[in-house]
Each structure stands twice: as C-alpha cells, then as structure tokens.
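Residue numbers (my numbering), protein chains in the order written: chain A, 1 to 126; chain B, 1 to 126; chain C, 1 to 126; chain D, 1 to 126; chain E, 1 to 126.
For the record, the hints were derived by calculation from the structure and aren't laboratory data. Check each hint, because a few of them may be wrong.
No copy is singled out in the list; a pair is fine if it fits within one copy or between any two copies.
As the list claims (entries may be wrong) - Quick list of in silico lysine-lysine cross-link-like pairs, DSS-like style, CA-CA up to 25 Å:
| # | residue 1 | residue 2 |
| --- | --- | --- |
| 1 | K25 | K117 |
| 2 | K59 | K117 |
| 3 | K19 | K31 |
| 4 | K117 | K19 |
| 5 | K30 | K59 |
| 6 | K19 | K59 |
| 7 | K30 | K117 |
| 8 | K30 | K19 |
| 9 | K59 | K25 |
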Amino acid sequence: ANVSSKTNSDWVTLNVGGKYFTSSKSTLIKKEPCSMLARMFAENHGSYLFTPSDIDANKAYLIDRSPTYFEPILNYLRSGQLIYDSNVNPEGILEEARFFGIESVIPILEQIVQVHKTPRDELPLT
Amino acid sequence: ANVSSKTNSDWVTLNVGGKYFTSSKSTLIKKEPCSMLARMFAENHGSYLFTPSDIDANKAYLIDRSPTYFEPILNYLRSGQLIYDSNVNPEGILEEARFFGIESVIPILEQIVQVHKTPRDELPLT
Amino acid sequence: ANVSSKTNSDWVTLNVGGKYFTSSKSTLIKKEPCSMLARMFAENHGSYLFTPSDIDANKAYLIDRSPTYFEPILNYLRSGQLIYDSNVNPEGILEEARFFGIESVIPILEQIVQVHKTPRDELPLT
Amino acid sequence: ANVSSKTNSDWVTLNVGGKYFTSSKSTLIKKEPCSMLARMFAENHGSYLFTPSDIDANKAYLIDRSPTYFEPILNYLRSGQLIYDSNVNPEGILEEARFFGIESVIPILEQIVQVHKTPRDELPLT
Amino acid sequence: ANVSSKTNSDWVTLNVGGKYFTSSKSTLIKKEPCSMLARMFAENHGSYLFTPSDIDANKAYLIDRSPTYFEPILNYLRSGQLIYDSNVNPEGILEEARFFGIESVIPILEQIVQVHKTPRDELPLT
C-alpha cells in the first residue's frame with residue numbers, strides 16, 4: 001500500500017543545467033524504454049553510462065541541457081500527456097524531445113511548431 | 001491564540017518533482033478527506049503509506065509529479081478556491097486534480113479545459 | 001545613518017508555502033497595524049502567537065498560504081502601492097488580502113477582480 | 001587579463017526580499033554614483049551604512065524591497081539599458097527606481113507607465 | 001559509452017548574477033570558440049582569466065550579468081538554436097550576446113529586435 005510504489009533506490013535527482021528535478025527511475029524508463037533517459041537509468045546499463053564525474057556534490061545526475069524545456073518532457077513521461085504553459089515555446093520542447101529521444105511526442109510537437117511558427121515566417125525581411 | 005492553529009507535528013514539506021512545498025496536514029486532509037493526499041497524511045495511515053525511501057535527505061515527502069501544476073491544487077486545498085495565473089495551462093491542473101483525487105475541483109476544471117481547448121482543435125491538419 | 005533603519009532584531013524570514021520572504025517587522029506592522037501579519041509580529045504579542053512548531057529549521061516563520069499571491073501583498077506593505085505583473089491573477093491577491101486582513105487594499109482588488117472576471121462569466125455553459 | 005576586472009573584495013551578494021542577487025560594487029556604484037546603492041557600497045561609507053544586523057547568515061546584505069522589480073534595476077546598472085520582459089509591470093520598476101534613487105532611468109519609466117496605464121484608467125467605475 | 005561524453009573536470013557551474021547554471025566546458029567553448037565564455041574556460045587561458053576572487057563559496061564562477069537573458073544564450077550554445085519563451089524580451093538576449101561575443105547569433109537577434117521594437121517607437125510623445 002505504498003502510495004508511490006517505488007522501491008528503495010528508485011528515486012533519482014537530475015541536475016539539468018543547474019536546476020534540480022526529482023523523479024523515479026520507473027517514470028524515466030517505462031513510457032519510452034528506448035529513450036536516452038531510459039537507457040541512462042536502466043538496471044544493466046546505468047553503471048557504465050554515468051562516470052562519477054557526471055554526478056554532482058548533491059548526488060544529482062548532471063545533464064547539460066535546458067531546464068525550462070526539460071520540465072514538460074518529464075511531465076510527459078509522468079502523465080503521458082504533453083501539457084505546457086502558454087508562454088513556453090514549443091520549439092524548445094521539441095529540441096529536448098529530439099535530444100532525449102522521446103519518439104512518441106516528436107510528431108505532436110512538430111505539428112504544433114509548424115502552426116506556431118507561421119507568423120514569424122511572415123516577418124518582413126530587412 | 002496560535003495564528004496558524006497547528007499542532008506540533010502538523011507541518012509537512014513535500015518534494016514535488018524537485019520543488020519544495022510546505023503546508024499543514026490539516027490543509028491536506030480537511031477539504032478533500034478521500035483524496036490521495038488526505039490518505040497519505042491521515043493519522044492512522046501515514047505510517048505505512050510512505051516507506052523511508054519516499055522521504056528525501058531534507059525529510060520532505062517525495063511525490064513524482066509536476067510542481068507547476070501542483071501549486072494551484074495546493075492553493076485550492078488551502079483556500080477552497082481555484083485560482084491560477086493567466087499563463088498556466090488548466091489541462092495541467094486537471095491532470096493533477098485527477099491524479100491526487102481532488103474530486104470537487106475536477107468538474108470545474110473539465111469545463112474550463114473544454115472552452116480553453118477549442119482554438120487548438122481548429123488548427124489545420126497537415 | 002543606517003540605510004534600512006532597522007534595529008537588530010527587526011528582520012524576519014517567512015516561509016510562505018515553501019518559499020522564503022525576508023522583510024522587516026516594521027514593514028509588516030506599520031502600514032496595516034490591525035492585520036494578522038502586524039499582530040503576528042507586534043512586540044507584545046509575537047511571543048505567544050507563534051509556537052515553536054511554527055518555526056522551521058532555518059528559523060523562518062511558517063505560513064500555510066500561496067507564495068505567488070503573497071508577494072504583491074508584501075510589496076504593498078513595503079511601498080504602499082498595489083503593483084503586480086500582467087500574468088498574475090488578481091483574484092489570488094484578493095484572497096490573500098482577505099486572509100491576512102490587509103483592509104485598505106481589499107476594495108481596490110475587489111473592483112479589479114470584478115472587471116477582470118467579466119469575460120469568464122460569458123463563457124458558454126455546456 | 002581578468003575577465004571581470006574585479007578586485008578581491010568587489011563581489012557582493014544582496015538579499016532583496018528573500019532572493020539573492022550577486023553583483024560587483026563597481027556595477028552598483030559606477031552608473032549612478034549618487035544612488036542609494038552607490039552610497040551603500042562606496043568605500044568610505046559602507047562601513048557605517050550597514051550595521052551587522054543588516055547582513056544575513058549567508059553574508060548577504062539585507063534589503064527590504066521587491067526582488068521581481070529590483071532585477072531590471074540591477075540589469076540597468078550593469079548594461080546601461082532598461083530591458084524587461086513583457087509580463088513585468090513597469091510601475092513596479094519605477095517604484096524601485098525611485099526608492100533606490102536611480103535618477104537617469106526615472107523619466108524613461110514615467111513615460112512608459114503613463115502610456116501603459118491608459119487602459120486601466122478607462123475601466124468603468126462601479 | 002558515457003552519455004554525456006565529459007571528461008572528469010569538464011563540468012562547470014556559473015553564478016550569473018546570483019543564479020546557478022551548470023554546463024560543460026565543451027558547450028561553452030565549441031560553438032563559439034572566440035567568445036568570452038570560450039576564452040574564459042579554454043585550457044591554456046582559464047588559469048589566469050579568473051582570479052580566486054571570482055569564484056564563490058560553492059566553487060561557481062561569478063559573472064556579473066542578467067541570469068534571465070543568459071539562459072537562452074547558454075541554450076543556444078548547447079543546441080545551436082535560438083529559442084526563447086514568448087514573454088522574454090529579445091533585446092535582453094541581444095545585449096548578452098554582444099557582451100559575451102556570441103557572434104553568430106547577433107544578426108539573428110538584431111533582426112528580431114528591430115521588428116519587435118516597432119510598436120514602442122510609435123508610442124505618443126508626451
């Protein structure tokens with residue numbers, strides 16, 4: 001009857017570009033088992049994918065990417081839904097989805113970006 | 001004459017996806033006594049719902065969800081009103097309301113989301 | 001010639017819902033002497049209004065409210081002016097003004113909220 | 001060939017309303033030598049303008065003002081340009097410019113605020 | 001098979017105006033090898049460009065600039081793309097691109113700023 005159904009070592013903290021995110025290995029692995037995040041934390045692989053130099057003083061895994069656009073990616077892995085605030089640029093989320101290999105969300109983001117970008121394409125050239 | 005009317009062990013800190021929230025057990029329990037949060041912190045149940053692995057180094061309870069959308073949920077439990085900023089996506093709040101089982105706010109959010117979503121449904125298909 | 005004109009014990013840190021705010025007792029008391037904040041920190045009263053359980057490990061006073069909407073309330077006490085960013089929902093500020101008893105700002109916020117709310121009242125019923 | 005051209009004791013950390021800002025004394029002094037910030041950190045004056053009670057446990061100088069609106073003020077001192085995001089209320093920046101005595105930016109902000117405020121002045125009276 | 005392909009001493013933390021950013025030296029150097037950031041962290045130069053006074057108590061390199069507008073600059077160095085949220089003012093990013101000497105992104109930002117600024121130029125003079 002454990003609310004979060006985690007085993008003892010399941011929680012991980014990621015230091016993404018200087019901001020901390022806490023999640024569970026199962027969240028990072030289950031939804032997209034072939035993604036970079038899944039491969040980073042899968043049982044048999046985790047031990048050699050990270051060298052000690054990639055873990056900071058707070059035992060967080062260092063990832064050199066944008067924290068702003070990682071947040072909706074992580075929420076997508078948690079809930080299975082792509083949800084982001086109106087001020088967030090979907091091009092940034094798409095860039096991270098491609099980097100981390102979250103394949104199922106890439107076509108959704110590509111369509112949103114195409115529609116979203118149209119106005120800027122119409123800017124006058126100087 | 002204690003301003004906040006808390007008993008000694010009433011304050012709890014939640015680590016929601018890497019961000020800390022401080023609240024009182026009475027806030028988490030009173031408004032929605034059947035929700036997951038209420039059951040997590042109810043006197044008779046708290047002891048076995050969380051295993052030690054779900055508590056971080058700062059003694060905060062770990063919850064693997066979005067901090068952005070948890071914030072208006074917690075404010076709803078505090079004040080009884082659903083209030084959020086204009087840039088926040090109500091679909092994210094609805095997702096959390098469903099996850100945590102905050103039943104009284106779900107129909108309110110469902111109606112807001114339905115109205116809010118209409119424009120995106122009209123995006124051209126490519 | 002002390003720039004901030006504070007006596008030694010005048011600074012206080014508030015932990016509002018998990019976020020820290022630093023201010024001076026004189027700011028919390030002067031502008032609205034009958035408010036809850038003023039009564040919390042007034043010389044003769046402070047000692048019994050807070051029990052030790054309401055102070056966290058960093059010696060901050062715990063307040064179980066929204067940090068987002070507390071910020072413009074605190075700025076109002078500092079500068080005497082109600083100023084908030086365009087994405088911030090004035091209903092949230094009004095809720096906090098009522099909770100903390102900042103009487104002079106309540107009618108200002110009530111009028112803003114009434115004007116601000118009109119569009120949502122016109123949402124189609126489903 | 002020091003990139004930032006600071007002398008050893010030039011860096012200061014300010015705790016503005018609970019948020020930390022790191023800058024250099026030369027930034028705080030050079031652009032507006034008569035401002036309150038300049039006078040706070042000028043060589044001959046700093047020693048008596050701050051009493052030990054105005055420095056927090058992290059050796060940051062305590063300032064009882066809004067961190068949100070201090071940020072563009074500090075950036076103005078750094079770069080000589082007034083730049084702020086579209087959601088930030090210029091009235092808040094003006095209030096801080098007046099408080100800190102950043103004279104050169106006050107007329108710029110006054111004109112922006114006047115234009116920006118017009119719509120609210122036209123709100124119906126109730 | 002190291003996911004992030006960093007050598008042991010490759011990670012650096014920057015304290016930009018009070019906010020921490022974590023990245024790798026290779027990110028800071030590769031995309032714009034003549035920029036100030038690249039020169040700050042290049043092997044042969046790093047040793048004398050920073051004096052010990054420019055490193056804070058958390059071993060972060062102190063940079064006296066705006067954290068808000070540094071973020072899209074760092075993301076540009078990471079991904080090669082200029083992406084920022086709709087509320088962020090591109091004039092602020094341009095200012096940082098010039099300061100840090102990120103030459104390839106300056107003309108892109110200059111065109112965006114020119115189009116973006118037009119409405120303000122049309123403000124009535126008072």
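Output the numbers, in ascending order, of every earlier hint that fails for this structure. Numbers 1, 2, 4 and 7 - these are the hints that the structure violates, sorted from lowest upward.
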